[in-house]
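**Student:** Chain residues, written in single-letter form:
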Amino acid sequence: MIMETKELAPEKIKVKQVDTNTDFEVHSDHAMCVNNSKLDKPLWSNIKFAFAGILFGILLVKSEVISWFRIQEMFRLQSFHMYGVIGSAIAVGMISIFLIKKFNIKTIDGEQVKIEPKKFNKGQVYGGLLFGFGWALTGACPGPLFAQIGTGATVIIVTLFFAIAGTWVYGKLRPHLPH
Amino acid sequence: MNFIDWIRQPWPWYVAGPLIGLTVPALLLLGNKPFGISSSLRHICAACFPANTPFFKYDWKKEVWNLFFVTGIVIGAIITVTLLSNHAPVVIHPKLSAELASVGVVNTEGLVPKDLFNWESLLTVRGFILMVIGGFLVGFGTRYAGGCTSGHAIMGISNLQLPSVIATCCFMIGGFIIANLVLPFILKL
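Top line first, the protein sequences correspond to chains A and B. For the first sequence, the working numbering assigns the number 81 to the initial residue and increments by one for each residue that follows. For the second sequence, the working numbering assigns the number 16 to the initial residue and increments by one for each residue that follows.
Any given hint might turn out to be false.
[To be verified] Result set (EDC-like, lysine to aspartate or glutamate): computed pairs, CA atoms no more than 16 angstroms apart in a straight line:
1. A:Lys128 - A:Asp189
2. A:Lys121 - A:Glu191
3. A:Lys121 - B:Asp74
4. B:Lys110 - A:Glu153
5. B:Lys203 - B:Glu114
6. B:Lys77 - A:Asp120
7. B:Lys203 - B:Asp130
8. A:Lys118 - B:Asp74
9. A:Lys118 - A:Glu191
10. A:Lys181 - A:Glu191
11. A:Lys118 - A:Glu196
12. A:Lys181 - A:Glu196
13. A:Lys118 - A:Asp189
14. A:Lys121 - A:Asp189
15. B:Lys76 - A:Asp120
If you are wondering where the hints come from, they were derived from the structure by calculation, not from laboratory data.
Construct the entire structure; sequences and hints are all you get.
**Tutor:** This is how it looks when you write it as structure tokens:
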């Protein structure tokens, strides 16, 4: 994957002039998981992320981490399974990021990998607790909601809709909430 | 046991966990994308109901990769239940099984308990709390915290971010409180 970057003609990479003001909210403290690429790529190029999503969805279902039962076992300390999955995923992620930084591994488009640091704010405590409440009730975090719908639990569309509503209400109330 | 039978079983944590961890470098190297799923909910708000809110006024089209990713998750789950599953009931801890049986939750055929999460129970008090209030808290809490299990617990801790460690601890504390102290009463409703 990394070798391909050498074959890529430089004129194909169009660097977009980013007006940072338009991204102010996206790159603010309370937002994350945003696009750090400066390349202006066509819409179809995102298809690779759909394939990554398919593989990730298969993993979510096969590991049963989207199961309400497994989440209850985790919070009742009745099973090691969830701790094993999340712990080993963190270990692999940590080693991967270490290697990417150490050897300065570039993306398939030849860009430098950039990860924004996270700043502390009180939202991580208040919001974290509220999400924890929701996680124990629904047995799902946002990724598993999508996967649960895929397994045929169609009613979870309602849960997903209210998760979107929750995000929307947060966006509305944000100026009035402690951070 | 042949390979297909093995694949169709639930995968142990030491197989699935490291593969889930590989999502982190995969997304970084495919296009400088930090792993995180709860942002998709914000992008959906920004795309469909921005309502003149500053928090939703940004160029969501630049973040559309995230919506491709979650669409992939739905397709991946459909593929798994159709082709890669043995459809055996979920094996759960006997204590949990006994607790659930005492409130009429006996069906463990799917990963989502059919006795709790179904269209008929949506308008019961129990179903409303689990599906509607629960969903709302997931969406509100993850955005307030700035991430979820993927963005904070996996991506953030992998990148040695202290705020993500704090957020993850709070996810767990919140979950412990509800699952052990509150949920038993909700299930009896």
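**Student:** For Lys77 of chain B and Asp120 of chain A, compute the direct alpha-carbon distance and say whether it is at most 16 angstroms.
**Tutor:** Cα-Cα ~9 angstroms, so holds.
**Student:** Lys76 of chain B and Asp120 of chain A were given as a pair; does the straight-line alpha-carbon distance stay at or below 16 angstroms?
**Tutor:** holds (11 angstroms)
**Student:** For a C-alpha distance cap of 16 angstroms, please report whether Lys128 of chain A and Asp189 of chain A respect it.
**Tutor:** Holds - the C-alpha atoms of Asp189 of chain A and Lys128 of chain A are around 13 angstroms apart, at most 16 angstroms.
**Student:** Can you confirm whether the C-alpha distance between Lys121 of chain A and Asp189 of chain A stays at or below 16 angstroms?
**Tutor:** holds (10 angstroms)
**Student:** Mind checking the alpha carbons of Lys203 of chain B and Asp130 of chain B for me, to see if they're no more than 16 angstroms apart?
**Tutor:** holds (13 angstroms)
**Student:** Would you mind confirming whether the straight-line C-alpha gap from Lys121 of chain A to Asp74 of chain B stays at or under 16 angstroms?
**Tutor:** This hinted pair holds, its Cα atoms lying about 14 angstroms apart.
**Student:** Please work out if Lys203 of chain B and Glu114 of chain B have their alpha carbons no farther apart than 16 angstroms.
**Tutor:** Since the Cα atoms of Lys203 of chain B and Glu114 of chain B sit roughly 10 angstroms apart, the hinted pair holds (cutoff 16 angstroms).
**Student:** Given the hint that Lys181 of chain A pairs with Glu196 of chain A, test it: the Cα-Cα distance must not exceed 16 angstroms.
**Tutor:** holds (13 angstroms)
**Student:** For the pair supplied as a hint, Lys110 of chain B and Glu153 of chain A, confirm whether the alpha-carbon distance does not exceed 16 angstroms.
**Tutor:** The hint holds at about 9 angstroms.
**Student:** Hinted pair, alpha-carbon criterion (16 angstroms max): Lys118 of chain A, Asp74 of chain B. Please report holds or violated.
**Tutor:** Roughly 13 angstroms separates the two Cα atoms, so the pair holds.
**Student:** Holds or violated: Lys118 of chain A and Asp189 of chain A, Cα atoms, limit 16 angstroms.
**Tutor:** holds (11 angstroms)
**Student:** Just to be careful, I want the Cα atoms of Lys181 of chain A and Glu191 of chain A compared with a cutoff of 16 angstroms; is the pair within it?
**Tutor:** Holds. Lys181 of chain A to Glu191 of chain A sits at ~13 angstroms (cutoff 16 angstroms).
The structure shown violates none of the earlier numbered hints.
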